[in-house]
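A.B. asks: Protein sequences appear in the order of chains A and B. Numbers in the working numbering are just positions in the first sequence, counted from 1, shifted up by 31. Numbers in the working numbering are just positions in the second sequence, counted from 1, shifted up by 1.
Think of the hints as simulated: they come from the structure by calculation, not from any bench. Treat the hints with care, since some could be wrong.
[Stated by the list, open to error] Quick look at which bits of chain B chain A covers, simulated, 3 or more residues with Cβ under 8 Å:
no., stretch
1, 48–59
2, 71–82
3, 102–115
[As the list claims (entries may be wrong)] List time: in silico BS3-like cross-link candidates among lysine-lysine, alpha-carbon distance up to 25 Å:
no., chain 1, residue 1, chain 2, residue 2
4, A, 305, A, 139
5, B, 173, A, 216
6, A, 305, B, 21
[As the list claims (entries may be wrong)] Just some of the chain B residues that point at chain A, by a computed CB distance under 10 Å:
no., residue
7, 9
8, 90
9, 248
This structure is a prediction, so every number in the text was calculated from the model and none was measured. All C-beta atoms in this analysis are idealised placements derived from N, C-alpha and C, irrespective of residue type, glycine included.
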Amino acid sequence: MTTLTQPRSPRLTPTPAAAVNRRPFPLVRHSLSLAKRSLIKTWRTPEALIDVTLQPAIFLVIFVYIFGGAVAGDTHTYLQFLLPGILAQTIATGAIAIGVNLNTDLEKGIFDRFKSLPIPRSSPLIGAVLGDVVRYVIVTVMTLGIGYLMGFRILTDPVSALAGCLLAVVFALSLSWVSVFVGMKVRTSGAVQGIMFLIIMPLSFASNVFVPAASLPSWMQTFVAWNPLTHLVQAMRGLFLGTPMGESVYWTLAWCVGLVAVFLPLAMRAYRRKV
Amino acid sequence: MTQDLVIEAEGLVKHFGETKALQGVDLAVARGTVLGVLGPNGAGKTTAVRILSTLLVPDAGHARIGGCDVVKDAERVRQSIGLTGQYASVDEDLSGRQNLVLFGTLLDLGRAGARTRAAELLEWFDLTAAADRPAKTYSGGMRRRLDLAASLVGRPDVIFLDEPTTGLDPAKREDMWDVVRSLVTDGSTVLLTTQYLEEADALADEITVIDHGRVIAHDTPEGLKRVVGGQTLEVRPSDLARMHDTATILGQVTSGAAAEEIRKGVLAVPVRDDSALTATVSRLASAGIGVTELSLHLPSLDEVFFSLTGRTASEDDRADTTQKEVA
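For reference, chain A alone in the conformation it holds in the complex (with noise of 0.2 Å):
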């Protein structure tokens, strides 16, 4: 520590407050820092990809060796099924990570240091959404990459395919809002993993994921018809395979905007109280 008695200081001459640049667009630029911030901690944590990598991997090798006979004849025939209701199921169940996360990291000095910083204040909740969608990259990189080896083929062409996982990545991003509020609200990590885990299972189950929205009860079918999980499937479908797509894109993307619209300003709200 010599050479913290030299009489040079760290703070060198002030600047006065008035003569900071202040650049356009704050939002966004100190936004995307932030994810990058994200994406620093994924890089150095690689085991918290766990969920996104081998759970789409051993998902659909366990339903479809296992189901596929049974359900549809042939693990084939399966497999082009279910790939889209996996990878569906895969990214919302990713989204659950960042409430857990940021629900550990609020408590440490960091978002004291964001506060007092001249950002807007929404800045670290929507950069850590954004660096998230490396992680829903890597689910749909993976899940289709898994299916392929066993077997899995796109129907249609490249461009349908992409925005077939375009939508998946957009429909984690908007659900992820759903995770920071419950993140926000709870008290402990474990009761975030385990709300949002409550409400994606009945999503992934009482839909068209693993078995075709016909064959569920008729009472079920009411949940089932407004189920966004079983809209994004069979969007996702269609792009992928061709199948019919009705109006499935648009209730998709209708979901995605009542999810942000909703729970984006209660997260906002809950973050500001809570830090």
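Once you have looked at the hints, place chain B on chain A.
C.D. replies: Below, chain B without anything else, positioned relative to chain A:
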């Protein structure tokens, strides 16, 4: 009071449910000076710092930093402050350099500017060798230095240090004090909270003592020491038979103050100036009295509180320990 006040707070009140963290606190810090805010755990120090640094909105009262209101003009305030403490810290998964670059980017220094500033601060705080390791691998002293560096990225005019040396060993503490002194030399205004009178005395131009969310004293370190008692010289002669002789010598060097045996074999006497220590040493030596212990002490926080309030800080610390610096 026509001083150029950089930090002004009047009647700050903040309650958290039942806990009355602040019950009307006034603070004032002139440009280029250090205010020490002294108080035990739960006194409201951290709450006050969090209000001044725009992290909390007060229930009543108002505060200005550099003339800008911390509530109405929070954005401008955030441009001129740096915050270091138990609470505002760094991202432990990021390296020291990545943290500083991130804060530089968020402060609009630009990519190149942020990198230059980070390198400069790492160098200055002697962290260059550890710059690219995750912050969670840093030692306690390194962490404090990184925390402080992080709050200086934007070259703030006003720096809040919330218990900057709590938990540091004495040598690291002195290093931190040197840093604070050089910041002030450079024109910064510093508000520092502490539990140690010694620290406030070493750094502050003025000291505000708070307890239970109220200011119970405000004075210069000299003025405060006049009230609470200055330094005490403690001596433990190696030969118990020479206790009486030692007491006589202590009486002489402090011009008549009575030495008391405060512990078995340890004599203590209040001293007014630093020369008493050297005088004592030479007188003891010429009298042939060996000592195993010889030290100068400022009153502890407990003693300060006892002098000011008639009760110790720890005695009522606290019926409800859960409220410990809640916010």
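A.B. asks: If you check each hint against the structure, which ones fail?
C.D. replies: 5, 7, 9
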